[in-house]
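Chains as they are written, first to last, in this note's numbering: chain G, 0 to 406; chain Z, 0 to 406; chain E, 3 to 153; chain D, 3 to 153.
Don't read these hints as lab results, they were simulated from the structure. Keep in mind that this is a model prediction, so the values were computed, not measured. Built from N, CA and C at the ideal position, the CB exists for glycine as well. It is possible that part of the hints are untrue.
[To be verified] Each pair of labels, with its calculated beta carbon distance range:
no.: 1; chain 1: Z; residue 1: L192; chain 2: D; residue 2: D5; range: 55 to 65 angstroms
no.: 2; chain 1: D; residue 1: A143; chain 2: Z; residue 2: T161; range: 33 to 43 angstroms
no.: 3; chain 1: G; residue 1: K8; chain 2: E; residue 2: K84; range: 27 to 37 angstroms
no.: 4; chain 1: G; residue 1: S5; chain 2: Z; residue 2: A298; range: 36 to 46 angstroms
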Amino acid sequence: MTDWTSLRKDFPILHQQVHGKPLVYFDNAATSQKPRSVIDALVHYYERDNANVHRGIHELSNRATNAFEAARTRSAKFINAKSADEIIFTRGTTEGINLVAATWGAKNLKAGDVILLTELEHHSNLVPWQMLAQKTGAKITYIPVTGDDGVLDLSKLDSLLTPQVKMFSMVHISNSMGVVNPVEELCARARKLGIVTLVDGAQSAGHLPVDVQAIGCDFFAFSGHKICGPTGIGVLWGRQEILETMPPYQGGGEMILSVGYHKTEFKHAPHRFEAGTPDISGPIGLHAAMDYLDAIGRANIWQHDQELANYAAEKLSALKNIRIFGPKKNRAGLVSFLLKDVHAHDVVTLANQGGVALRGGHHCTQPLMHKLGVESTARASFYFYNTKAEVDVFIEVIKEIQKFFAA
Amino acid sequence: MTDWTSLRKDFPILHQQVHGKPLVYFDNAATSQKPRSVIDALVHYYERDNANVHRGIHELSNRATNAFEAARTRSAKFINAKSADEIIFTRGTTEGINLVAATWGAKNLKAGDVILLTELEHHSNLVPWQMLAQKTGAKITYIPVTGDDGVLDLSKLDSLLTPQVKMFSMVHISNSMGVVNPVEELCARARKLGIVTLVDGAQSAGHLPVDVQAIGCDFFAFSGHKICGPTGIGVLWGRQEILETMPPYQGGGEMILSVGYHKTEFKHAPHRFEAGTPDISGPIGLHAAMDYLDAIGRANIWQHDQELANYAAEKLSALKNIRIFGPKKNRAGLVSFLLKDVHAHDVVTLANQGGVALRGGHHCTQPLMHKLGVESTARASFYFYNTKAEVDVFIEVIKEIQKFFAA
Amino acid sequence: MFDDINDLYQQVILDHCKHPRNFHEMPQCSCSAQGFNPLCGDNLKLFLTLDGDVIKDASFTGSGCCISKASASLLTDNVKGKTKAEAEKTFEQVRDMITTGTVNGDVGKLAVFAGVYKYPARVKCAILAWHALIGALRGEAAPVSTENEQT
Amino acid sequence: MFDDINDLYQQVILDHCKHPRNFHEMPQCSCSAQGFNPLCGDNLKLFLTLDGDVIKDASFTGSGCCISKASASLLTDNVKGKTKAEAEKTFEQVRDMITTGTVNGDVGKLAVFAGVYKYPARVKCAILAWHALIGALRGEAAPVSTENEQT
Ligand SMILES: Cc1ncc(COP(=O)(O)O)c(C=O)c1O
Ligand SMILES: Cc1ncc(COP(=O)(O)O)c(C=O)c1O
Ligand code: FES
Ligand code: FES
């Protein structure tokens, strides 16, 4: 049995007070906190091994290169990629999706083609495709959600999977609804029609076991900062056969085989897609984060996440004048909600006064909010270092907020 | 008087041995080392303030946002930008130049237009333009270098500044030759003809005082990791009037005003150009680095850099069978050289055995190498924490290498 | 439970947010403008009826939080009877107060917003209606956004 | 001064790099291939004269470091008289040795490269000529690059 409470000792940031109350950090879908081992990995790198990678021959450069490439191998293992050559380091999920849109997309999409998305998508899985559609004349279609539960209406899928669809990009776990999409099934349906698939794993990668080969997608993108890693680093995984057909993204050092004033040859994946000096401490910190998560076990983490979310959803449902979003079954580790006549941002400001860090707003899913007829929601999102006792504090705080605005 | 030797105490990494010899780190043009204050800033952020920025209302998010935006203001001051809104955070110099090529370039360049570069350019200031030229049909022309001294032949400038030139992008300090280009003069010449200018400040920003308004360029790009900051963060400065005309780069969260399923509006600069969760600890570490550098004073640092480089060049010149690159006057803080009949990589491998970290290769200036008739050079590059005593060790090591291969 | 929250949610603010004054459309207005807060996605529309240079009537509609609603409500009360120039001056006082906490001159009831500067994420809320006011007075067609408000 | 450097620059290697054997073009060769090391930009060309399945003669040209030159020099000596299959087998032995330090079977003089694995940045140098050999034997037209060599 995992001793969840004792894991909290590994997170220095959790042990502080906000407005005189113990911090209850429930904004994990926005970003996660970092264990000591990740912070130490960064410090160790900068205190012992820092150097530029790849082209160096001296000792520090060897160490930095080894650590950097070991992080690539570790990332491949983290999502069960076939080879480390399929791992491209990015700034985060957003850059990963942009990279695919700008390289694979620009090469393969033309006027009349269709990009299929879902109504659940985060702006990061909407805007790059909108920009690509604008450039190429491709069209975007959406799988609709059924309502406040945020579940996709898959009865529409047959009619949406037309021969014009070239790319099907979908979120794995919705950051505003907590819905888990059946990505294996969706990718299998797409694959039968030769449609390329991308899974936005921003909310899933660090929360449940991920096997990209089992999912059967072509691309999978996630962010380090949401899975206990440093800010500014993420991973784009792509199937090797597809990566090899893609033109480069950014140009510069490290991604070339040879450069002339008028002719240049590019490296293969993954280096073709990593121009310039990369973030080096980022992957090294991410490596430590992946080790940390897998020592706990992501299946374990997923169970804990879900328990907290179900518990919170249940307690909230017992309150009056509240609207709760998200699925009845298989809820991921977060709950979005709205108090009647109290704006989400007022909820968050007051919760903060009670030491509880929530997020309010459209959660970068503005079109979904509009579809559900709201501007914003308040959201509590959990991770393995959160506890039931914290959920109890949160519920008390919400009750107080209701009182405050009712009075 | 600055006590340069005592500054070394601030750099934990410098106090180690390599192959039983004290580390002499002369690979500063590739990347710099980090003072304790920068490492501490990262640790402090992750231990106390880590949260996602901009959309958060809770305490940690406020602190993170404040620290992140304070770094933007600090960066503006570092290069004397008019406003913090002109500061775009990037992964580094390479991404900054790619951003300009992909946004300003894609919008403004067409077949027949000319991009003017110099033969000194780093791959990061070559390849993005080559890719843009390929896409748009624009042409690239080069200001030639005169020879091993790496100085530009400005007598050719008049004939190169044709009405077709739309962009003139130039390196401030050459990373392989140590030449300082007269960027004020070059930008003034370009401005008279309405040509947009970009200065690659990767090697200059942390080594001498930089004032983008005095330089008179339109864009200025640099990397944090080369100026005592963390890896993975850099700055692109752009003149506000130009930034306002540019289409977005990557799409996603944070860079939008409002998103619909079919219509989206973008923010103004700088946020328009920063999609997704940014690297947050990066700018915070960079802020500490800028404070550290300016406490020493960049004019001071420049003088120290030059003294070491001149001293090293002079000592090397006294050796036989050596070819030295770079200018006779006003050499920046580095020396490239070649020993007769000894490959640069053999020099670097042996130097490493003597504790001295050099770089060998084309230094991402492959076309320049070919022009000079070499494949590679060995390079010693200095920073303020290096000492004359270290140069003496380096010279001894080079002599031993000559002996080793002569025997 | 919420110890020091009263410098933000003062009684007057709570009152105006629960019972906003002048909360209606104004079909025959002289001018109107929309304010948009990209941080939350909230929209607010401000209507003015002018008599020459003088604001005779003001009202607003739209969605928003307690702070933005109370701010719009108090604004509409405040500017009635003011000249355009006086209203612009009040805008500047209010903006300085909301962003720095310092009140220059007498702002009357609007002083209840002096605590907002301690809540940087809420500064845009308090200023939203005022941006819409300026947009209306200056006849700006596009929605005015708080995007570049320094917080 | 360079204490443990001799496991890399063994006497045999220094000798072959200073006096490379078979260092010339071979205009009437049966096949040839170019090897390219993107890490340093060095190029090396390998020439083979075959008699049926047997390598009768081998030579090389090009620029490179001490390690790559010595490796090419020793390679050309080594493969003379071998069948194609034998040469391929030697390639595999050499690659394993250079990347891991473990020598499987007898590689003769080539054993001097057993220390290279300790210098990851130089593995590509030692293997460059061998990649060119394989390129020539398999009739590859494009230059063979060490880009994806695991180091
Ligand atoms: C002159 C010059 N330009 C551009 C770059 C690219 O910088 P980065 O790799 O940090 O993007 C470098 C770094 O090597 C450089 O020296
Ligand atoms: C579902 C989803 N997709 C994409 C993203 C974007 O990730 P990042 O901002 O790290 O690029 C997020 C993060 O908020 C997310 O929750
Ligand atoms: S939260 Fe939208 S205006 Fe206050
Ligand atoms: S350094 Fe080029 S082959 Fe060894």
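Hint by hint, here is what the structure shows:
1. L192/Z / D5/D: 55 to 65 angstroms: 59 angstroms, holds
2. A143/D / T161/Z: 33 to 43 angstroms: 40 angstroms, holds
3. K8/G / K84/E: 27 to 37 angstroms: 59 angstroms, violated
4. S5/G / A298/Z: 36 to 46 angstroms: 53 angstroms, violated
In terms of the numbered hints stated before, the structure departs from hints 3, 4, listed from lowest to highest.
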